[in-house]
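J.: These are the residues of each chain, in order.
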Amino acid sequence: MSFESVKDILKAHEGLKKEVYLDLENSSPVFPEVVEEMLPYFSLKSYGNPTITHKYGWEAYEVIMETSKLISSFIGASSPEEINFMNSEVEANNVALIGGVLANKGKGKKVIISNSEPVTIDLIAQMLSEKGFQVVKIPVDREGFVQQDKLLKSVDRDTILISIAMVNPEIGTIQPLKSIVEAVKDKNPNLIFHTDASDAYGKVDFNVKNLGIDLATISSYKIQGPRGVGVLYVREGVKVKRLIEGPLGTQQLWPGIENTPMIVGFRKASEICFKNFREDIWQMKYLRDKLIKGILEEVEDTILNGPYGDKRAPDNVNISFLHCEGESLTIELSLRGVYVSSGSACTRRMLQPSHILIAIGRKFEEAHGSILMKISRRHTEEDIDYVLTQLPEAVKRLRSISPV
Amino acid sequence: MSRVPLPYNPKILELFRNPKNAGKMDDATVSATAGSPTCGDMITIYLKIDEEKNVVEQASFESYGCAANIATASILTEMIKGKSLADAWKIGWKDVIKEVGGLPSVKFHCGILAAGALKRAIRQYYDKKGFTPEWLPKNLTTEEKHALEEEELAKIISKKMET
Numbered sequence: 001m002s003f004e005s006v007k008d009i010l011k012a013h014e015g016l017k018k019e020v021y022l023d024l025e026n027s028s029p030v031f032p033e034v035v036e037e038m039l040p041y042f043s044l045k046s047y048g049n050p051t052i053t054h055k056y057g058w059e060a061y062e063v064i065m066e067t068s069k070l071i072s073s074f075i076g077a078s079s080p081e082e083i084n085f086m087n088s089e090v091e092a093n094n095v096a097l098i099g100g101v102l103a104n105k106g107k108g109k110k111v112i113i114s115n116s117e118p119v120t121i122d123l124i125a126q127m128l129s130e131k132g133f134q135v136v137k138i139p140v141d142r143e144g145f146v147q148q149d150k151l152l153k154s155v156d157r158d159t160i161l162i163s164i165a166m167v168n169p170e171i172g173t174i175q176p177l178k179s180i181v182e183a184v185k186d187k188n189p190n191l192i193f194h195t196d197a198s199d200a201y202g203k204v205d206f207n208v209k210n211l212g213i214d215l216a217t218i219s220s221y222k223i224q225g226p227r228g229v230g231v232l233y234v235r236e237g238v239k240v241k242r243l244i245e246g247p248l249g250t251q252q253l254w255p256g257i258e259n260t261p262m263i264v265g266f267r268k269a270s271e272i273c274f275k276n277f278r279e280d281i282w283q284m285k286y287l288r289d290k291l292i293k294g295i296l297e298e299v300e301d302t303i304l305n306g307p308y309g310d311k312r313a314p315d316n317v318n319i320s321f322l323h324c325e326g327e328s329l330t331i332e333l334s335l336r337g338v339y340v341s342s343g344s345a346c347t348r349r350m351l352q353p354s355h356i357l358i359a360i361g362r363k364f365e366e367a368h369g370s371i372l373m374k375i376s377r378r379h380t381e382e383d384i385d386y387v388l389t390q391l392p393e394a395v396k397r398l399r400s401i402s403p404v
Numbered sequence: 001m002s003r004v005p006l007p008y009n010p011k012i013l014e015l016f017r018n019p020k021n022a023g024k025m026d027d028a029t030v031s032a033t034a035g036s037p038t039c040g041d042m043i044t045i046y047l048k049i050d051e052e053k054n055v056v057e058q059a060s061f062e063s064y065g066c067a068a069n070i071a072t073a074s075i076l077t078e079m080i081k082g083k084s085l086a087d088a089w090k091i092g093w094k095d096v097i098k099e100v101g102g103l104p105s106v107k108f109h110c111g112i113l114a115a116g117a118l119k120r121a122i123r124q125y126y127d128k129k130g131f132t133p134e135w136l137p138k139n140l141t142t143e144e145k146h147a148l149e150e151e152e153l154a155k156i157i158s159k160k161m162e163t
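So the sequence lines, in the order shown, correspond to chains A and B. The working numbering puts the first residue of the first sequence at 1, with every later residue one more than the last. The working numbering puts the first residue of the second sequence at 1, with every later residue one more than the last.
Check the hints yourself; a few may be wrong.
Stated by the list, open to error - List of simulated lysine to any residue pairs, SDA-like, C-alpha gap at most 20 Å:
| hint | chain 1 | residue 1 | chain 2 | residue 2 |
| --- | --- | --- | --- | --- |
| 1 | A | Lys-137 | B | Ala-154 |
| 2 | A | Lys-11 | B | Met-161 |
| 3 | A | Lys-363 | B | Ala-154 |
| 4 | B | Lys-159 | A | Lys-11 |
| 5 | A | Lys-11 | B | Pro-19 |
Claimed, not checked - Some chain B residues near chain A, calculated using beta-carbon distances under 10 Å:
| hint | residue |
| --- | --- |
| 6 | Ile-12 |
| 7 | Ala-28 |
| 8 | Met-42 |
In case anyone wonders, no lab produced these hints; they're calculated from the structure. Virtual Cβ for every residue (Gly too), placed ideally from N, Cα, C.
Generate coordinates for the entire structure from the input sequences, incorporating the hints supplied.
T.: Structural data, given as structure tokens:
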């Protein structure tokens, strides 16, 4: 078993006639226009440090401020100062939760999340609980919606922070965040409400002001911008402690020299997503439903994970294939040019399958056979047709050698 | 636990794509299963045994699990074909992993389940005959114990999920 083996696996993929990349959950191809937009910023323009008083510094300062302004307008923030660039959505989630509770320690000890939050949020909550905070996990229903009565019962004066993702990254559930935020703030106006909006930004209507949100995480790669950049929205007046020390520049919550090319890339990807927002979403929903319908009709013993229709993110397809194990299926599909991920314990390199699928009541064997696919703005009907020819055959082959 | 990609070697990939001896055997003398769908891996081994000579005439497998699971089960059926039951019994999980060209440690249990299913099948065969050869130990082997532990865990998980 060695690194050399990877070369052989890659060789096995040679000669594929068509490829469809559907694993936008775990990483994504950057839009070519985004790469083109980014390139001059590495060594032709705006490469200065935005805190220094010379042409290239001012250029960098200008482009970062312009981008903050644009993104604040896309999410309905009050001012560009509420936009904080960081290295990733993972970092933004860490600063939001850890920095949020540290800055507001005096207000209480309780942190509330749901039991089907993104893995990062779940792990941070675990860490906070080890540090002495009281972490409460609110159950979700069978479609992944947070049980609001249980949430409300749990909110008290001791509650510092609540984090609930606007859109569930694995099963696409769109939480009715407005009513949730209203209800919990009604009970405790001092608590901080954070949402990981990585799967909401550019995919569903997301406006921090309308929703009444205090902190929001936004990801760049999930809208096919570059990896290595993310945003934490912090409503003016909300206290969050910086987690990393170093010389501050334009960003109050992140020390270091701003990564201007990445920030520019994120801006360009955002512009692409919001240019024809309604049309894009309509098209994605159409392809999503075609893929879901095609699989459920063509392949026996399948279960859709998450809700149907408008309560589901426009890009999300998550289906459990019974009598089929997810890791095998991802490899079989890869060899056929279809790239997906699975909630199986094997592909996650963890001992348990996806905690989100377990939270909505899936049995372990149902979770092991789950496949997650995400539709992008650039997928075509031919792509989906190709997946619909390959998937049933892949499942059929693996089921033919399965004892269950 | 860190998440590293699994660089399956060419032999495993080949056995995954074109497994040898895959499928249920209708006229098997004996068959046995190890593992459970709850844990995400399960192997069934079918043996057709020459009952006069106690030799494995034919072997096949069914697998629910990852690529390593399919590959180890397949290679084991190749390893035991034509072997006496006494020799087949001697094949341990490490031999299976070696034969398949190595596995990352997180996948060792695939080799263990394959060898475990085989040992169970051989035990069953002699149980049916009502005869225990000298080389067949009374106590469970490592592989059989591991399979049992995994199945017990699966039962606990299933019970917990129901409540």
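J.: A separate judgement is required for each hint: does it hold in the structure or not?
T.: Evaluation of the provided hints:
1. For the hint pairing Lys-137(A) with Ala-154(B), the CA-to-CA distance comes to about 24 Å; that exceeds 20 Å, so the pair is violated.
2. The straight-line distance between the Cα atoms of Lys-11(A) and Met-161(B) is roughly 42 Å, outside the 20 Å bound, and the hint therefore fails.
3. Of the supplied pair hints, the one linking Lys-363(A) and Ala-154(B) holds, its CA atoms being roughly 11 Å apart against a limit of 20 Å.
4. Our distance criterion of 20 Å between C-alpha atoms is broken by Lys-159(B) and Lys-11(A), whose separation comes to about 44 Å.
5. A distance of roughly 19 Å separates the Cα atoms of Lys-11(A) and Pro-19(B); the hinted pair therefore holds under the 20 Å criterion.
6. Hint status for Ile-12(B): holds, given a least beta-carbon distance of 8 Å to chain A, under 10 Å.
7. With a cut of 10 Å, the hint placing Ala-28(B) at the interface with chain A is violated, because the nearest CB-to-CB distance is about 13 Å.
8. With a cut of 10 Å, the hint placing Met-42(B) at the interface with chain A holds, because the nearest CB-to-CB distance is about 6 Å.
In terms of the numbered hints stated before, the structure departs from hints 1, 2, 4, 7, listed from lowest to highest.
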